[in-house]
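Keeping their order, the protein sequence lines are chains A, B, C and D.
Numbering of the first sequence is given in this note's numbering, commencing with residue 1 and proceeding in unit increments.
Numbering of the second sequence is given in this note's numbering, commencing with residue 1 and proceeding in unit increments.
Numbering of the third sequence is given in this note's numbering, commencing with residue 1 and proceeding in unit increments.
Numbering of the fourth sequence is given in this note's numbering, commencing with residue 1 and proceeding in unit increments.
Among these hints, one or two may not hold up.
[As the list claims (entries may be wrong)] For lysine-lysine, the following BS3-like pairs were computed, each having C-alpha atoms within a straight-line distance of at most 25 Å:
#	chain 1	residue 1	chain 2	residue 2
1	A	LYS206	A	LYS217
2	A	LYS59	A	LYS217
3	D	LYS143	D	LYS30
4	D	LYS30	C	LYS272
5	D	LYS272	D	LYS259
6	D	LYS272	C	LYS272
7	C	LYS272	C	LYS259
8	C	LYS30	C	LYS272
9	C	LYS30	C	LYS143
10	C	LYS143	A	LYS209
11	A	LYS59	B	LYS65
12	A	LYS206	A	LYS32
13	C	LYS272	A	LYS206
14	D	LYS272	C	LYS259
15	A	LYS219	A	LYS209
16	D	LYS259	D	LYS30
17	A	LYS219	A	LYS206
[As the list claims (entries may be wrong)] Covered stretches of chain B, as calculated for chain D (at least 3 residues, CB under 8 Å):
#	stretch
18	94-103
19	151-165
20	194-207
No wet-lab data here; the hints were simulated from the structure.
Note that this is a predicted model, so its numbers are computed, not measured.
Where a beta carbon is used, it is the ideal one built from N, C-alpha and C, also for glycine.
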Amino acid sequence: MHIMEGYLPASHAVGWGLASAPFVAYGAYRIKRVVREHPQVKLLLAASGAYVFILSALKLPSVTGSCSHPTGTGLAASLFGPTVTTVLSAIVLLFQALLLAHGGLTTLGANIFSMGIVGPFVAYGLYRGLQSMGFGTAIAIFAAAALGDLATYVMTSLQLAIAFPDPVGGVAGAASKFLGIFAITQIPLAISEGLLTVIVWNLLAKYSKGELAILAKLKGRVA
Amino acid sequence: MRLIDRNAQTNRWRQIAAIEKVVLSLGMIVLGLCSASWLVQGLILATMLLLLRFGAGVGLADILKSASVPLLFILASTLAQIVTLDVNHMMPVIGLSPASINAAAFVGLRSLACIGALLFLALTTPLTDLLRLLRRLGLGAEVSDVALMMFRFVWLTLDCLERGRQSQANRLGYGGYRRSLQSIGMLLANLLPRVLGRAQRLEAGLASRGYHGELRFIVRERPLSAGRLLAVSLLLLSIAALGRIAG
Amino acid sequence: MLEMNGVDYAYPGGIPALSAVDMAIKPGEKVAIVGANGAGKTTLLSILNGTIRPDHGAVRLDGAAIRYDRAGLRGLRQAVGLVLQDPDDQLFAASVFEDVSFGPVNLGLAQPEIRARVEASLLAMGIGDLGDRPTHMLSFGQKKRVAIAGIIAMRPRYLLLDEPSAGLDPMGVSQLMASLQRISADGTAIVLATHDMYTAYAWADRILIFGDGRIACAGDPELVFSDRALLARLQLEPPLIWEAARALRQAGLVNGALKMPRDREGLLAEIKLAADMAAALAG
Amino acid sequence: MLEMNGVDYAYPGGIPALSAVDMAIKPGEKVAIVGANGAGKTTLLSILNGTIRPDHGAVRLDGAAIRYDRAGLRGLRQAVGLVLQDPDDQLFAASVFEDVSFGPVNLGLAQPEIRARVEASLLAMGIGDLGDRPTHMLSFGQKKRVAIAGIIAMRPRYLLLDEPSAGLDPMGVSQLMASLQRISADGTAIVLATHDMYTAYAWADRILIFGDGRIACAGDPELVFSDRALLARLQLEPPLIWEAARALRQAGLVNGALKMPRDREGLLAEIKLAADMAAALAG
Chain A
1 MHIMEGYLPA SHAVGWGLAS APFVAYGAYR IKRVVREHPQ VKLLLAASGA YVFILSALKL
61 PSVTGSCSHP TGTGLAASLF GPTVTTVLSA IVLLFQALLL AHGGLTTLGA NIFSMGIVGP
121 FVAYGLYRGL QSMGFGTAIA IFAAAALGDL ATYVMTSLQL AIAFPDPVGG VAGAASKFLG
181 IFAITQIPLA ISEGLLTVIV WNLLAKYSKG ELAILAKLKG RVA
Chain B
1 MRLIDRNAQT NRWRQIAAIE KVVLSLGMIV LGLCSASWLV QGLILATMLL LLRFGAGVGL
61 ADILKSASVP LLFILASTLA QIVTLDVNHM MPVIGLSPAS INAAAFVGLR SLACIGALLF
121 LALTTPLTDL LRLLRRLGLG AEVSDVALMM FRFVWLTLDC LERGRQSQAN RLGYGGYRRS
181 LQSIGMLLAN LLPRVLGRAQ RLEAGLASRG YHGELRFIVR ERPLSAGRLL AVSLLLLSIA
241 ALGRIAG
Chain C
1 MLEMNGVDYA YPGGIPALSA VDMAIKPGEK VAIVGANGAG KTTLLSILNG TIRPDHGAVR
61 LDGAAIRYDR AGLRGLRQAV GLVLQDPDDQ LFAASVFEDV SFGPVNLGLA QPEIRARVEA
121 SLLAMGIGDL GDRPTHMLSF GQKKRVAIAG IIAMRPRYLL LDEPSAGLDP MGVSQLMASL
181 QRISADGTAI VLATHDMYTA YAWADRILIF GDGRIACAGD PELVFSDRAL LARLQLEPPL
241 IWEAARALRQ AGLVNGALKM PRDREGLLAE IKLAADMAAA LAG
Chain D
1 MLEMNGVDYA YPGGIPALSA VDMAIKPGEK VAIVGANGAG KTTLLSILNG TIRPDHGAVR
61 LDGAAIRYDR AGLRGLRQAV GLVLQDPDDQ LFAASVFEDV SFGPVNLGLA QPEIRARVEA
121 SLLAMGIGDL GDRPTHMLSF GQKKRVAIAG IIAMRPRYLL LDEPSAGLDP MGVSQLMASL
181 QRISADGTAI VLATHDMYTA YAWADRILIF GDGRIACAGD PELVFSDRAL LARLQLEPPL
241 IWEAARALRQ AGLVNGALKM PRDREGLLAE IKLAADMAAA LAG
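For reference, chain A alone in the conformation it holds in the complex (with noise of 0.2 Å):
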């Protein structure tokens, strides 16, 4: 769920947008110092972000039918690295703007914020920290991926929170609002991308292992 082009008001936009810029352009100068030692990895990060695109407009089988797109940043982050995943996140979310008309151009901060930042963030912090306190993998990446999803759905409500407080309740009744609107569509689907996490997660872990190491690498590279 990404905010649509105009629904932002100017002064929103453009604040998302600065808040975003300094992630995106960290990942943007970590990829170009890799790129210029290893040109190699070009190809690899155009083909992940693919991979992440088609991900990201996957339609999947949820619990009220509709035709939801689950966020992909809960692999892309466990894959990739968070860091890497910001700027693969900003140019996916640019392309669905473009080649879905989901999400927009001025509102592309604040998406990038709540799905190429806190998304990928909290899903690795999970992953990595269910990990360390000795939960199983499988745990840790269906953690990672359904509440991922679900920090970027949180975002999301917050930002049109902030926006459109509640004449009444504020800021924080607005958030009820809109947390309660699309967590009929978005809970049902966090929990789906995160089952579905776990399963791609250990085919990939049974059968690419070469895939995953050469991953992990670029991963290793970037971060």
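Starting from the structure of chain A, add chains B, C and D where the hints point.
Below, chains B, C and D without anything else, positioned relative to chain A:
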């Protein structure tokens, strides 16, 4: 995604320089965001739709289909805004506030107008034209190379995904929630090594064409038209002026 | 009987693909649909198995028009299996055995039945020894056969194959066709869409020539290639064996009443025969 | 002259691919390397263009063994262009014109020269009208030609093609071969690795039969297929036209001294000729 791309590649205004379409579309969006006038929002929406339909010749059904997801979002968000919620008391109180209806409706219309302008850009201009423009405007070569290559990989990956899905459906892989999730999981787990393998093979394929890490090629520039740019500026100015007079 | 009546279909964007197509496949038949690349053969097969819904007209299975709801499609796909051209798009599981069991598992069969079906399908495709092999370690020809095994393990009554010979070398093609022969002998109808005239001619009971969005001509393989102008318009060529055999007949070197040879050996035998006849005449 | 002397190569994992291979391609020649799928034709071509470095032995261009550093590879690849089987492994840009310009830009040519080369290459491949077309909206056959155009725009002296006819329908193959004929007429040597015996026989000046990791037999297309036992061992079949023409000669229906026909029309003409001769004898 094929729907928007197909229109972008084949519409009547495909050959017009991307910068002209960007100025028009972004100009309209900025105008919409900066204006508190209902008239301006209405004019932007009408202008963008008319230009799309009768200028670029994009079919009405395609325009509506592309707009379906944004429309759903506007509907849900407007609903959330119209309702008031007081969480300061022991029990949350839900009610309708007439003051917020007006404000919410305006935001909805503004968003609609801006989506019209975004759709105008998306449906008339191939994404790669815009990526090249971004590069000329100073986006780093590394990131813009990645984005350009990503565009190519997206279609290859999408083809694989669609055929894989069809083949799983042929074997009844999409009956019920659990089975569907399992099938999509297998498909995605299969897709990642394939797309990474494609990247490695492409690396070898490009090496035989002298690739050493830089994606350099010649772009066929589309000529800029001063007349059209002037017309776009006049259009933007007159909508802004109308809003001023009416407001 | 699997039928298509008055089917129209246009690609997204409005480019017409099929217009008023009528065709029928009888149970147990061996049919080849031949057409140039881009003629719409894949679309035709996808409509027959319900993946694409036609704009007008109906697909009928045993007389009943199919419904495009979940149950209707499930029933259709159980009866009509479609094998796509690229096997890499169709193999998902880690091992051959697992992959072939995907369809039977989805049918909700019991474990022993699933095992039996997978084994039987692998045997029918001549890859009984590959069950434990990881799918990514297969050759292209093996992958192709695993993809077909995955469909026939569902026991469809109609088996549709899109360009089965593409990418295979001559030996690979003849092994594949031998496998299809075994499946056909079990009573499965087989429909093969191809631009490979040689394979279509050597194998089919009936050939449909497809082009310009319709079935231009259908019939006996020995007769269907006679309209050269039509074939040229559809960017097709008659199979060389057929053309050489007909030339031998027209030249009077072979008795015109003789059945046309369908494969290489048949043609070479006819040339010998022609020589004997010529020698006898000259004698 | 492009040569390979005593080249050994084993795949990662130790499976031998090539052992002591010697071969030489003369400037301007039209050579076909025929072999079954999996015989290692792709590896052979990749070694010739420096993508794979042999374990032993040397690749020589105009007598000098190539060096595997950046400059050495650059020089080799400028002279020896390789077109892969799957065009999607070679196309990266969003439009045809951009893609074809990639090689010339990497050669460091001036803009007008690059533009001229791109236009000329597109024309040579018969796709002069596709310059502005997005790459992802091309048909398979069109992609294949764009991939070749991208290589010939670099004006290599040796053009290597891996399975160029795979996936194309007969009309597509003959259009492609006509384009290659034009390129060959300009003096470029063309090496074509294929399992398509028909195409190899109809087109090549010289045929190398490749199998078991070595060149088993090389020579004139009319003579190279005589060893049936060898072909069978390498899972190959002689081209049907060659075999039918030989049968006509062996049967005495056609004068054995006559040049062998290389294409369909040639064979059909011979059958007519045979009839006339038989009639004269009987007369």
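Verification of the hints:
1. About 18 Å separates the Cα atoms of LYS206 of chain A and LYS217 of chain A, which keeps this hinted pair within 25 Å; it holds.
2. Among the hinted pairs, LYS59 of chain A with LYS217 of chain A is inconsistent with the structure: their alpha-carbon atoms are about 31 Å apart, more than 25 Å.
3. Taken as a hint, the LYS143 of chain D and LYS30 of chain D pair is honoured in the structure, with Cα atoms around 23 Å apart against an allowance of 25 Å.
4. Among the hinted pairs, LYS30 of chain D with LYS272 of chain C is inconsistent with the structure: their alpha-carbon atoms are about 34 Å apart, more than 25 Å.
5. This hinted pair checks out: LYS272 of chain D and LYS259 of chain D have alpha carbons roughly 15 Å apart, not beyond 25 Å.
6. A distance of roughly 16 Å separates the Cα atoms of LYS272 of chain D and LYS272 of chain C; the hinted pair therefore holds under the 25 Å criterion.
7. Proximity of LYS272 of chain C to LYS259 of chain C is assessed by CA-CA distance (about 15 Å); at most 25 Å being required, the pair is judged to hold.
8. The suggested pairing of LYS30 of chain C with LYS272 of chain C is violated, with an alpha-carbon distance near 30 Å, which exceeds 25 Å.
9. At roughly 23 Å between alpha-carbon atoms, LYS30 of chain C and LYS143 of chain C fall within 25 Å of each other, so this suggested pair holds.
10. Taking the CA atoms of LYS143 of chain C and LYS209 of chain A, the gap is near 21 Å; set against the 25 Å cutoff, the hint holds.
11. The straight-line distance between the Cα atoms of LYS59 of chain A and LYS65 of chain B is roughly 16 Å, inside the 25 Å bound, and the hint therefore holds.
12. Restraint check for LYS206 of chain A and LYS32 of chain A: not satisfied, since their Cα atoms lie roughly 32 Å apart, outside the 25 Å limit.
13. Distance hint between LYS272 of chain C and LYS206 of chain A is unfulfilled; the C-alpha atoms sit about 59 Å from each other, more than 25 Å.
14. Taking the CA atoms of LYS272 of chain D and LYS259 of chain C, the gap is about 20 Å. The hint holds against a cut of 25 Å.
15. For the given pair, LYS219 of chain A sits about 15 Å from LYS209 of chain A by alpha-carbon distance, which is consistent with the 25 Å threshold.
16. At roughly 19 Å between alpha-carbon atoms, LYS259 of chain D and LYS30 of chain D fall within 25 Å of each other, so this suggested pair holds.
17. Using a Cα cut-off of 25 Å, the hinted pair LYS219 of chain A and LYS206 of chain A holds, with the two alpha carbons roughly 20 Å apart.
18. Three residues within the 8 Å Cβ limit are the bar, and the stretch 94-103 of chain B against chain D gives 0, so the coverage statement is violated.
19. Under a criterion of three residues with beta carbons nearer than 8 Å to beta carbons of chain D, the stated coverage of the stretch 151-165 of chain B is upheld, 4 such residues being counted.
20. For the stretch 194-207 of chain B, the stated coverage by chain D is satisfied: 7 residues place a CB nearer than 8 Å to a CB of that chain, which reaches the threshold of 3.
When the structure is compared with the earlier hints, violations turn up for hints 2, 4, 8, 12, 13 and 18 and for no others.
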